[in-house]
Amino acid sequence: MIAYVIRRLIQLPIILWVIYTLTYVLICQHPGNPFIDDKTPREQRALLAARYGVVDTPADAPWRQRWADRGRTYVNYLGRLVLHGDFGLSSQNAGKTVGDIIGSTLPRSMMLGAFALVLAVLVGCSLGVLAAVRSHGPVDYFVMLYAMLGISLPTFVIGAVLLSFFGFTLGLFPVGGWGSPAQLVLPGITLSLPFTAYIARLTRAGMMDVLHADYIRTARAKGLPERRVVLKHAFKLAFLPVLSFLGPATAAILTGSFVVEKIFNIPGIGRAFVISVQSKDYGLILGTVMIYSTLLVVANLIVDLAYGLVDPRIRLEGDA
Amino acid sequence: MTQPPVPSNRAADPPKPATIGRRSQDDRSSPESRRDSSQTRQAMRRFFRSRLVRVGLAMLVLIALACVAGFLYGTSPEDQPRYNDQNLTRNYQPPSRSHWFGTDDVGRDVLVRTLYGGAISLAVGMMAALVSVAIGVTWGAIAGYVGGKTDSFMMRIVDVLYGLPYLLLVILFAVAFGGAGSPVRRMVVLFLAIGAVSWLTMARVVRGQVLSLRNNDYVLAAVAAGASHARIIFVHLLPNLLGPIIVYATLIIPQAILQESFLSFLSIGVQPPAASWGSLAADGIGKMNPVISYWWLTLFPCLALALTLLSLNLIGDGLRDAFDPQLREKK
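If you're matching them up, the sequences are chains A and B in order. With the working numbering applied, the first sequence covers 1 to 320. With the working numbering applied, the second sequence covers 321 to 651.
Keep in mind that the hints were calculated from the coordinates and are not lab data. We put the CB at the ideal spot given by N, CA and C, even for glycine. Careful: at least some of the hints might be erroneous.
Listed next, the in silico SDA-like pairs over lysine to any residue satisfying Cα-Cα at most 20 Å (straight line) [unchecked claim]:
{"id": "1", "chain 1": "B", "residue 1": "K469", "chain 2": "A", "residue 2": "N265"}
{"id": "2", "chain 1": "A", "residue 1": "K280", "chain 2": "B", "residue 2": "Q591"}
{"id": "3", "chain 1": "A", "residue 1": "K280", "chain 2": "B", "residue 2": "V509"}
{"id": "4", "chain 1": "B", "residue 1": "K607", "chain 2": "A", "residue 2": "K96"}
{"id": "5", "chain 1": "B", "residue 1": "K469", "chain 2": "A", "residue 2": "Y4"}
{"id": "6", "chain 1": "B", "residue 1": "K607", "chain 2": "A", "residue 2": "L47"}
{"id": "7", "chain 1": "A", "residue 1": "K96", "chain 2": "A", "residue 2": "T169"}
Covered stretches of chain A (in silico footprint by chain B; criterion: 3 or more residues with CB under 8 Å from a CB of chain B, positions within the stretch not fixed) [what the hints assert, rightly or not]:
{"id": "8", "region": "12-22"}
{"id": "9", "region": "45-51"}
{"id": "10", "region": "65-76"}
{"id": "11", "region": "103-115"}
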């Protein structure tokens, strides 16, 4: 177990470095330059380049020099990040550092994502267990229909329906913005629905499997109340597939929030990323990609470790 | 669920010793492939028996035909294509007899735009699925066939990729290579990018199957007869995996369409005046306000997208259940 954890921890910075480099290379392919165009006077270009830590290349430079300069900029950026944990300035938000922007937008997205994830696990597991216990009945059909819809409908369709019905027609919840708990309800539900659906399916399938196992029959035979058999004995095993889904789910919820943040006008990090890509704010792109990747890689590690703890039958690789 | 299990006695038959020499003709009539075809036929029968599958197929065919017709109608005549035929005197009209789905902010017919956008969405989704099948099958087959250290290295890469924020990379990729290009170039970049990130499950499935098949006697016979590795993989192993490959490919298509609509919704994919279901929905939602809801702008593209994804998922699930009786009994 310890050897496995250590190996995964060593892997972590390598993966992050690969992502950083890949992102940088992709950014270099973006057409155009974020803050320097050919009309900018030479002195101003030099000042701008120094301020943003970029090695400036004249527009008519040969490709070899262009890439050499990009390489030097890359080393500048990476050095600054590793030594000081600093992503530098955001080129499209005057006077703000990337750190400031991430610091103010990330908590909002995290809160939204956490709310959606908790909601999805709670509702999804309950629905799945209900459907399995009453399998092939009306409850089961309803849950499965709901799950099919939840998996098929894109987030923005669900969001549009909720927005127009509960927001505009009934006026029950605010239609956008950020700050009050009521503003969390619609985006949270929108974001969680597909995951609720998928978790309900996983739980149902797991429960159907487990409910026919011998140890469940034993538990029933020794006279345990049905509620205890289902919730304690069966659910514990049926939850395993859900647990392993939580890693990818975290990823999908993080990126799913791009769309939800756009529909409900939430100033979160997803919006910051999309805007930074469209406005070629290289510092902010690198910053947001690295934050996302770090969150994800760590979440996956936690899920894998939790898996080993919950199910002692699973021996992690390198654990021999 | 009441389906009798597939007779498995055929599988236990000792495979006929492979005749050396006229291999490619003999393959078709070898017991392996005969068993496979009868299994496939049974699976297809199970597949078409499900009512949900038939509903899904009918819906999909209808939508696809309508989209193709709408695309042909919408892109002609060439100098003034109808999908972008603006008329500011009749903007924001609710659905009526002359405009079944209403008109948008510059007076374009929403029905024509929905069908035209649908054709683009479907095309990008299918091309992306093809790309991901090509990558996934090749990757998985090589890993499973070579085995050993190569296998564990290749699969470790897949594990790592599973945990990446791939949508971010797709966005960066799409902007980097399609940002300033022509509409066609943007579409190609879009489906390449989506295909490049959705092959992971396919690779795992194929690798597992190849791993279990490669020690069969007929593979040994092929090796003994001097067949090349590529020939063994593509002629002897992959045809046996057609079932699972088709099943997972069908499940990839809705995912790919969904991703395309995501990107277009974020205005990173298809750019105006071209349209896809995602960008149409984004336009509609952007125009929602408490005073007047231009509901037809949002409803029709969203409905078309939702019905398409629903029918594709129904078909995919039906195929999976039909080809995998074991899974079916569990359900």
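Consistency of the hints with the structure:
1. Annotation: proposed proximity of B/K469 to A/N265 is violated, straight-line Cα distance about 49 Å (limit 20 Å).
2. Using a Cα cut-off of 20 Å, the hinted pair A/K280 and B/Q591 holds, with the two alpha carbons roughly 17 Å apart.
3. Distance hint between A/K280 and B/V509 is fulfilled; the C-alpha atoms sit about 19 Å from each other, no more than 20 Å.
4. Taking the CA atoms of B/K607 and A/K96, the gap is near 31 Å; set against the 20 Å cutoff, the hint is violated.
5. Restraint check for B/K469 and A/Y4: satisfied, since their Cα atoms lie roughly 18 Å apart, inside the 20 Å limit.
6. For the hint pairing B/K607 with A/L47, the CA-to-CA distance comes to about 42 Å; that exceeds 20 Å, so the pair is violated.
7. Taking the CA atoms of A/K96 and A/T169, the gap is near 39 Å; set against the 20 Å cutoff, the hint is violated.
8. Coverage of the region 12-22 of chain A by chain B holds. Counting CB-CB distances below 8 Å, 3 residues qualify, and the rule asks for three or more.
9. Against chain B, the region 45-51 of chain A contributes 0 residues with a C-beta closer than 8 Å to a partner C-beta. That does not satisfy the three-residue criterion, and the hint is violated.
10. By the rule of at least three residues with a Cβ nearer than 8 Å to a Cβ of chain B, the coverage given for the region 65-76 of chain A is violated, with 0 such residues.
11. Chain B is given as covering the region 103-115 of chain A, and this is violated because 0 residues of the stretch bring a CB closer than 8 Å to a CB of that chain, at least three being needed.
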